[in-house]
Amino acid sequence: MKEGWITINKLLFQHKPVSWLPFNDSEIISKAREMTREDIETHSWENEEFKVKIVEDVQSHFVIDLFNRIHQSHVKDQKLTVILPNPYAAVYENLALLCNKYEVNCRNLNVFFLNEWANEEGQVAPLDYPSSYGRIFQKYFYGKLNPELRPDEKNIHYFTTENVKHYSDMIDEAGDGGADVCYTAIGWSGRIASIEPEGEFICNDMDTYLKQTSRIVTNHIISIAEDSICGLFGHSGDLAAVPPKSATIGPRDIANARDHIEMQYKMTVDGGTSWQSMISKLMLFGPITMSVPASILRMFKGTCFIDERVVKDIKRVPDYPDDFYKF
Amino acid sequence: MKQSFSFKPAEWIPFRDMEVLERCRNMTREEMENFPHPNPEYKVKVVTDPNSAVAGELFMRLKKSDEEDTRLVVIFPNSWKNIYKAVTESCNRFNVSCRNLHAFCMDEWADSEGNVAPVTYGPSLGGAFLREFYMNLREDLRPPFEQIHVFTNENVKHYSQLIEEAGDGAADLVVSATGWIGHTAFIDPNTKVYGTDDLEEFLTLGTSFIEVHPITVIQNSLGRSYGNAGDLANTPAYAVTVGPRDVVNAKDHLERHNLTFIGGYNSWERMISRLQLYGPVTPKVPASIYQLCKGTVYVSEDMARPITISETVNY
Numbered sequence: 001m002k003e004g005w006i007t008i009n010k011l012l013f014q015h016k017p018v019s020w021l022p023f024n025d026s027e028i029i030s031k032a033r034e035m036t037r038e039d040i041e042t043h044s045w046e047n048e049e050f051k052v053k054i055v056e057d058v059q060s061h062f063v064i065d066l067f068n069r070i071h072q073s074h075v076k077d078q079k080l081t082v083i084l085p086n087p088y089a090a091v092y093e094n095l096a097l098l099c100n101k102y103e104v105n106c107r108n109l110n111v112f113f114l115n116e117w118a119n120e121e122g123q124v125a126p127l128d129y130p131s132s133y134g135r136i137f138q139k140y141f142y143g144k145l146n147p148e149l150r151p152d153e154k155n156i157h158y159f160t161t162e163n164v165k166h167y168s169d170m171i172d173e174a175g176d177g178g179a180d181v182c183y184t185a186i187g188w189s190g191r192i193a194s195i196e197p198e199g200e201f202i203c204n205d206m207d208t209y210l211k212q213t214s215r216i217v218t219n220h221i222i223s224i225a226e227d228s229i230c231g232l233f234g235h236s237g238d239l240a241a242v243p244p245k246s247a248t249i250g251p252r253d254i255a256n257a258r259d260h261i262e263m264q265y266k267m268t269v270d271g272g273t274s275w276q277s278m279i280s281k282l283m284l285f286g287p288i289t290m291s292v293p294a295s296i297l298r299m300f301k302g303t304c305f306i307d308e309r310v311v312k313d314i315k316r317v318p319d320y321p322d323d324f325y326k327f
Numbered sequence: 328m329k330q331s332f333s334f335k336p337a338e339w340i341p342f343r344d345m346e347v348l349e350r351c352r353n354m355t356r357e358e359m360e361n362f363p364h365p366n367p368e369y370k371v372k373v374v375t376d377p378n379s380a381v382a383g384e385l386f387m388r389l390k391k392s393d394e395e396d397t398r399l400v401v402i403f404p405n406s407w408k409n410i411y412k413a414v415t416e417s418c419n420r421f422n423v424s425c426r427n428l429h430a431f432c433m434d435e436w437a438d439s440e441g442n443v444a445p446v447t448y449g450p451s452l453g454g455a456f457l458r459e460f461y462m463n464l465r466e467d468l469r470p471p472f473e474q475i476h477v478f479t480n481e482n483v484k485h486y487s488q489l490i491e492e493a494g495d496g497a498a499d500l501v502v503s504a505t506g507w508i509g510h511t512a513f514i515d516p517n518t519k520v521y522g523t524d525d526l527e528e529f530l531t532l533g534t535s536f537i538e539v540h541p542i543t544v545i546q547n548s549l550g551r552s553y554g555n556a557g558d559l560a561n562t563p564a565y566a567v568t569v570g571p572r573d574v575v576n577a578k579d580h581l582e583r584h585n586l587t588f589i590g591g592y593n594s595w596e597r598m599i600s601r602l603q604l605y606g607p608v609t610p611k612v613p614a615s616i617y618q619l620c621k622g623t624v625y626v627s628e629d630m631a632r633p634i635t636i637s638e639t640v641n642y
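So the sequence lines, in the order shown, correspond to chains A and B. No gaps in the numbering here: position 70 of the first sequence is 70 in my numbering, and each next residue is one more. No gaps in the numbering here: position 155 of the second sequence is 482 in my numbering, and each next residue is one more.
No lab work stands behind these hints, which were simulated from the structure alone. Where hints are given, some of them may not hold.
[Stated by the list, open to error] Cβ-to-Cβ under 8 Å is the rule here; a few derived chain A residues that face chain B:
#1 H15
#2 V18
#3 V63
#4 G286
#5 P287
#6 D319
From a predicted model like this one, the values you see are computed outputs, not experimental measurements. Beta carbons are placed, not taken as given, at the ideal position from N, Cα and C, and that holds for glycine.
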């Protein structure tokens, strides 16, 4: 064995988390990483109204939850104001199908969106942009809903260059102070909607943070990487194809919503790889912090549905003993 | 038709020429194989399974070196478990002696102080080579251990010289795959060490310690070594690597582009593969320097699929 190897093999290789990570407290990250499925299921959250459920099929819970709310709104003839994520074509297609089959009228439905793409000048992507989030909802839900069951078009609030600055006020106005429910899915950077852990929303204290409203923001490098492997960008890692900015709701819209459904089931088709696994644990077991924006969900009433494949144990390849490489 | 929405790519993306990006993005499978590269020794082959093509070529290089009793200096990427096991098991089966092989691992993890990860570190790239290639060879077929080179704290500064000494000026073969940001080995663009815009200068740079590009950390956090979990904090941001000089001076090159998630559907490599193969030769896409070399790039059919929007399958 080479002498140099003997020397270095006696050292334990350790490294600090990457300096550019928005949240990089290694002790907290390590503790979060160690959390098991059982830890998640038995944990007492600081806010009793925040629940976590580990399930086999998050998407079905999404469809049923939203369909049930629309149905209740139809039966009771009550207004329903929702903030929706994208792109969830399969969900919206099935919702339209269910509404059509059971003749559930969506006249009382007011729809807002978490976010939409924007360019470097702050111009919001229109609905004819092929990767537009709003377009997915328009095509798969509104377009597939029987015309007599559709809400008035003015009840569907797509982000525009003109409305982005007062989009939060529109939500409050439509929902009498906030949305009835906000559906979200944490991003790899820890973002919620396009509320990133760095940049436009970062301020000195949480009270101020939670009062901030919709705006144009810069997408985090981690978010651009995440989106570049999505279907909307050809599953290709095409970083340059992802717009550099987004229009997004603000933390106030999350705080004002009366209920929250967080859905964590982003993984490869075989379920073997999920970038959501680690950030999910950090959101649940780290501090409530602007550095992990989705952690604010723990302050509010809501349910976080996590796919059991996302809740896997996170283990890197274990080290080898010093005498393993003997020849 | 003019698009209703246009934008410039994020400023941190090293290669941002929209016209070139669009041309590469839209290349068809047929165009990929028939592209008239100015260097006739640089070949692109679209095949169903690049792994077995590379394995077959690597086996033949070892066999020829045994039969002709000639030295073979190879720069190896890691971890390529399936390929290395198939090659070494075949050497064992057909009694191919690798006594003439001089192996150099192309890169290794490091910490922020420049300490190179030891081979006992679980995700160690050199450790993977030892386990997957060297230890899998029958003992009587193995090269002398002195001919196996992994990075250490001591040798990183003269690793390029070690390659040149072993190979009479350069390696005989570089085996490689490209990374999401366009790197080969850990030669990342827009970095302190390899960030020059001057191609001539770039091609003279040898081995180095490097703080890798954030996209490289993001890519590696998806790998099996770090739990397939996007665990960015547990993925090293520093490495040691062979340099562009070691790549471009090598006499032959063997590359595969087939890094997809299971099923071949989703791949961060799909776009950068096209840019490496058909964009300009530039330090902004370090792996593009292979276009200057003799070599074969095996691209999988999955990788050559058109890059088109999928509305219904998110991942």
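A quick look at each hint next to the structure:
no.: 1; hint: H15; result: 4 Å, holds
no.: 2; hint: V18; result: 4 Å, holds
no.: 3; hint: V63; result: 14 Å, violated
no.: 4; hint: G286; result: 11 Å, violated
no.: 5; hint: P287; result: 15 Å, violated
no.: 6; hint: D319; result: 5 Å, holds
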